[in-house]
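Visitor: Each chain, letter by letter, is given below.
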Amino acid sequence: MARKLKQLYLVQRPPIKSENPKLAYTHAMASQTAEIYLEDGEEVIPTLAMVGDGVYNVVNNQQLMKHYGLNSNENHVQMALLIDLKVLVCKEDLEARGISADRLADGSALGADMTIEVVPFSEIQKEMEATDQILCF
Amino acid sequence: MKLGVILSEAVRTEETYDRLQAEKLSVVLAGNGIYHAVSKKNGKASEVLSKKADFYVLTEDLESRGFTAGDLVDSKIKPIGFDGLVDLIMDQHDKFIWL
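Top line first, the protein sequences correspond to chains A and B.
Mapping the first sequence onto this note's numbering, position 96 (from 1) lands on 96, and the numbers just tick up by one.
Mapping the second sequence onto this note's numbering, position 78 (from 1) lands on 78, and the numbers just tick up by one.
Next comes chain A alone, as it looks inside the complex (with noise of 0.2 Å):
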């Protein structure tokens, strides 16, 4: 029987210092090889959204390669993007800390066609009501 499965993740912590927020986009993208484990007609859907000092994870031009030899999560935000998983960023976060929508993480420099989405809380509200399982970091 077809089913498809939604997970939200909600990511609330800012990027570096705990793993958190990095598991996160690595669960997420790890959810589509799930999909060996599936049946026939069984899909896994993950969205990431960034609320609170989560939004941090998406501004563009971290440079903890060049400081700390680590990839940033804004490479794994890319990543993601680029195998056409859903991003949401809270427009609200955003404002309240003064992160305009061009220091955001573009996709398209690994040739990704999707690109984050600033949306109102109450977008990502909808999400987490139309969502099967809701996993924080």
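It should be emphasised that the hints constitute simulated quantities derived from the structure, not laboratory data.
Mixed in with the good hints, there may be bad ones.
[Said to hold, decoys possible] Okay, the calculated bits of chain A under chain B, using three or more residues with CB under 8 Å as the criterion:
#1 13–22
#2 26–38
#3 49–63
#4 67–73
[To be verified] Listed next, the in silico DSSO-like pairs over lysine-lysine satisfying Cα-Cα at most 30 Å (straight line):
#5 A:Lys-86 to B:Lys-76
#6 A:Lys-86 to B:Lys-41
#7 A:Lys-22 to B:Lys-95
#8 B:Lys-76 to B:Lys-44
Since we're looking at a predicted model, the values are computed, not measured.
Glycine included, every Cβ here is placed at the ideal spot set by N, Cα and C.
Given chain A, put chain B in place with the hints provided.
Guide: Only chain B this time, still in chain A's reference frame:
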């Protein structure tokens, strides 16, 4: 006492910082503490910056998070590298604490 403080949390869970007093006080914003230097939440700069102190921000941690010296919300915050941090610790203060 000449005291240096490294503040590395974006969301503070301690109250020590508010109580600190020193003849010379320097605050180094490092790690996630750099968000106090670049964010104006709802138009207001972080209360961390209201303390009477010399403020520094670690450039490596600023840039690692996608920000530059041009994003600092107050000109009293001076960007420094690890070498500058070593000078602060070794030459300019009696003690350094990490909150």
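Visitor: Hints first: check each against the structure and report whether it holds.
Guide: Tested hints:
Remark: the region 13–22 of chain A is confirmed as covered by chain B, as 4 of its residues place a Cβ nearer than 8 Å to a Cβ of that chain, reaching the required three. Restraint check on the region 26–38 of chain A versus chain B: 0 residues with Cβ-Cβ distances below 8 Å, three needed, restraint violated. Coverage of a stretch by a chain is defined here by at least three residues with a beta carbon nearer than 8 Å to that chain's beta carbons; for the region 49–63 of chain A and chain B the count is 7, and the condition holds. As drawn, the region 67–73 of chain A meets chain B at 3 residues by the rule of a beta-carbon pair under 8 Å; at three or more, the given contact holds.
With a CA separation close to 40 Å, the supplied pair Lys-86 (chain A) and Lys-76 (chain B) exceeds the 30 Å bound. Distance restraint check for Lys-86 (chain A) and Lys-41 (chain B): the Cα-Cα separation of roughly 26 Å lies within the 30 Å cut-off, and the hinted pair is therefore satisfied. Simply put, Lys-22 (chain A) and Lys-95 (chain B) have alpha-carbon atoms about 35 Å apart, too far for the 30 Å limit, and the pair is violated. Annotation: proposed proximity of Lys-76 (chain B) to Lys-44 (chain B) holds, straight-line Cα distance about 16 Å (limit 30 Å).
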